[in-house]
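K.L.:
Spelled out from the first residue to the last, the chains are:
There are 2 protein chains.
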Amino acid sequence: MDHAWAIIMAGGSGTRFWPLSRRNKPKQLLALAGGERSLLAETVARIAPLVPPERVIVVTARHLADATRADLPAVPSRNVLAEPVGRNTAPCVGWAAAHIQRRDPDALVAVLAADHHITDEAAFLEVLGRALGAAREGHLVTVGVTPTRPETGYGYLEVGAPLDEGVHQALRFVEKPTRERAEEFLARGTFLWNSGMFFFRAAAARAAVQAHLPDLGFALDALDQAAAEGHEDEALERLYPTLPSVSFDHGVMERAARVAVVPGAFGWSDVGSWVTAWELAPKDARGNASTAPADVVFEDAAGCYVHAPPGKVVALVGVEDLVVVDTEDALLVMPRHRAQDVRAVVEALRARGRDERL
Amino acid sequence: MDHAWAIIMAGGSGTRFWPLSRRNKPKQLLALAGGERSLLAETVARIAPLVPPERVIVVTARHLADATRADLPAVPSRNVLAEPVGRNTAPCVGWAAAHIQRRDPDALVAVLAADHHITDEAAFLEVLGRALGAAREGHLVTVGVTPTRPETGYGYLEVGAPLDEGVHQALRFVEKPTRERAEEFLARGTFLWNSGMFFFRAAAARAAVQAHLPDLGFALDALDQAAAEGHEDEALERLYPTLPSVSFDHGVMERAARVAVVPGAFGWSDVGSWVTAWELAPKDARGNASTAPADVVFEDAAGCYVHAPPGKVVALVGVEDLVVVDTEDALLVMPRHRAQDVRAVVEALRARGRDERL
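If you read the sequences in order, they're chains A and B. Position 235 of the first sequence, counting from 1, maps to 235 under this note's numbering, and the rest follow consecutively. Position 285 of the second sequence, counting from 1, maps to 285 under this note's numbering, and the rest follow consecutively.
Calculated directly from the structure, the hints in this document are not laboratory data. Glycine included, C-beta positions come from ideal geometry on N, C-alpha and C. Keep in mind that a hint or two might mislead.
The following label-pair restraints were derived from C-beta to C-beta distances [claimed, not checked]:
| id | chain 1 | residue 1 | chain 2 | residue 2 | range |
| --- | --- | --- | --- | --- | --- |
| 1 | A | 171 | B | 292 | 29 to 37 Å |
| 2 | A | 294 | B | 287 | 57 to 65 Å |
| 3 | B | 282 | A | 294 | 52 to 60 Å |
| 4 | B | 149 | A | 294 | 40 to 48 Å |
Incomplete in silico selection of chain B near chain A, CB under 10 Å [claimed, not checked]:
| id | residue |
| --- | --- |
| 5 | 19 |
| 6 | 104 |
| 7 | 174 |
| 8 | 301 |
| 9 | 303 |
| 10 | 332 |
| 11 | 342 |
| 12 | 344 |
| 13 | 346 |
| 14 | 348 |
| 15 | 349 |
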């Protein structure tokens, strides 16, 4: 019987959640969706009915391996794979798929991001089951999220003919569109947001990598061989930096035949910026949200979001649509619509040599 | 020969500088004018060329006495008088004047606020000397500041005939005016801002209190007698709460004959709110100011003021005219023009029972 495994890609180190996120505590290790658990721990918990923690493989960056293991006590330590350097998602997915195939040659695999939020977990599990079913049939499968707005920050998938109940042919992948095209996609109804999740048999994924990224396939074979012989660490150090830096979407999925898409609507969000944190949080009548309502005074304020350490009193007076993120050693204040410009702050601090705050 | 003494009124406990100011660390004990020293310590240092610290009497509230003494190591401990309860300025001035008169019957006295800022110290000392000279002649003297804008937050003085070089008769005191009247005052040129400073012989002030506030005069005599007999503390406890709560301006100066005014222009500010702190601070090309420019990133921000603990990194992105005051346990964010509404925050916290942050 074939078992379902998961690969969770958890190597991200973005700057969009500064000052809460830092090099050593990136987004996926933060409880940004309002609960107690990190986004990563939520991801593991969410799939547990279909994929138990002992069949979850987490791929992260080397400097995050200890923190990642600590965040996931139910996941066996050896299931946390540490990349010596980041080489985009194709090497990451290929390496983890080889690891799984060595342990379970018939494995079905779900590849998930560590930093997404999902509101309707039951609907998501249904989609997950359907996608694993399509993977069992030999497809490379992706999940397309029914768009709710003309979002220009996501890639899209065009849906083709039905292959099975709730499973369609994927006609093509489309990069982040202009506003105009995004509106057209929304109107047409045949375009879905590319969720960045993949489902396949480990063997099918490896064959697809071999077919479309032969250099990567060859290197992964060498790594797999080294791992089987007990000297994976040395091979990783030598080979991983030479792998092509290419995404699994672009390098494999877009080129493969037999790509299927499972449409779904389950309150998906990629938690892309502080705006998402505000969107996901419960709000008062004037649209204000905070991590600790008992400690925050909104005095004639509206549409604001406050993230502050426990016990810190925060008062916002006469302001609108502000994001205020306070930590012990750094504070950020900006309008919600400037959330993408956090990067500029990080760059400014780097230029000042203040890396200790990044 | 008569010596110049000073009475510094330092019992204030306003809320307009929350969260930096607290019940136990009010405005006068804070370095709000940008330097290292508190406003109170600056006041003592500023007058030192004319009034040495051993002739400075500081009147404060009982719960602030220790902090006040610690803030002023050069002022003898016994010179810091602690009121058991606040009863406005007439009792405060009268009590301190009696204290001075006991120690130096011929004393000349300058009464100053602990929480004002003065830019041009040389000009101020000249005015101080002139006002003490007029006090020597037997006048009750006040200093009127040449207005630079139609300010509605200050009281005004109408200037009359000259009495001496740079000394005029004071015709009348005017309460805080409407905008329209303030503009009229500015146009007329015979109205000055009431600085709240007084100058007199200790004996003349006591006689004026006796004449215009006889109940207070009688109580102060009893206090003075008790102090001379070595049991002032007991008498203070018993008598002080019974004193009339009235200002020295209203209760004495406005009713007295022979009131003189010395006009002056010396960059005076009453440091009334966070707006003043911004006004007094050096600014960058876009009007931003902060307590620690090395730690603050203004990214497309203008007209903002940041007060933060040493070492805290603060980033403001895409905002204008904001005041951001951060402390270890409380944070305030508001537009500059809402600075008067800090009180509403203090009230809200009190209503929530969060007095530990006030």
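K.L.:
Run every hint past the structure and note whether it holds.
P.N.:
Evaluated hints:
{"no.": "1", "hint": "A:171 <-> B:292: 29 to 37 Å", "in the structure": "violated (56 Å)"}
{"no.": "2", "hint": "A:294 <-> B:287: 57 to 65 Å", "in the structure": "violated (35 Å)"}
{"no.": "3", "hint": "B:282 <-> A:294: 52 to 60 Å", "in the structure": "violated (38 Å)"}
{"no.": "4", "hint": "B:149 <-> A:294: 40 to 48 Å", "in the structure": "holds (42 Å)"}
{"no.": "5", "hint": "19", "in the structure": "holds (7 Å)"}
{"no.": "6", "hint": "104", "in the structure": "violated (47 Å)"}
{"no.": "7", "hint": "174", "in the structure": "violated (31 Å)"}
{"no.": "8", "hint": "301", "in the structure": "holds (9 Å)"}
{"no.": "9", "hint": "303", "in the structure": "violated (14 Å)"}
{"no.": "10", "hint": "332", "in the structure": "holds (5 Å)"}
{"no.": "11", "hint": "342", "in the structure": "holds (7 Å)"}
{"no.": "12", "hint": "344", "in the structure": "holds (5 Å)"}
{"no.": "13", "hint": "346", "in the structure": "holds (9 Å)"}
{"no.": "14", "hint": "348", "in the structure": "holds (5 Å)"}
{"no.": "15", "hint": "349", "in the structure": "holds (6 Å)"}
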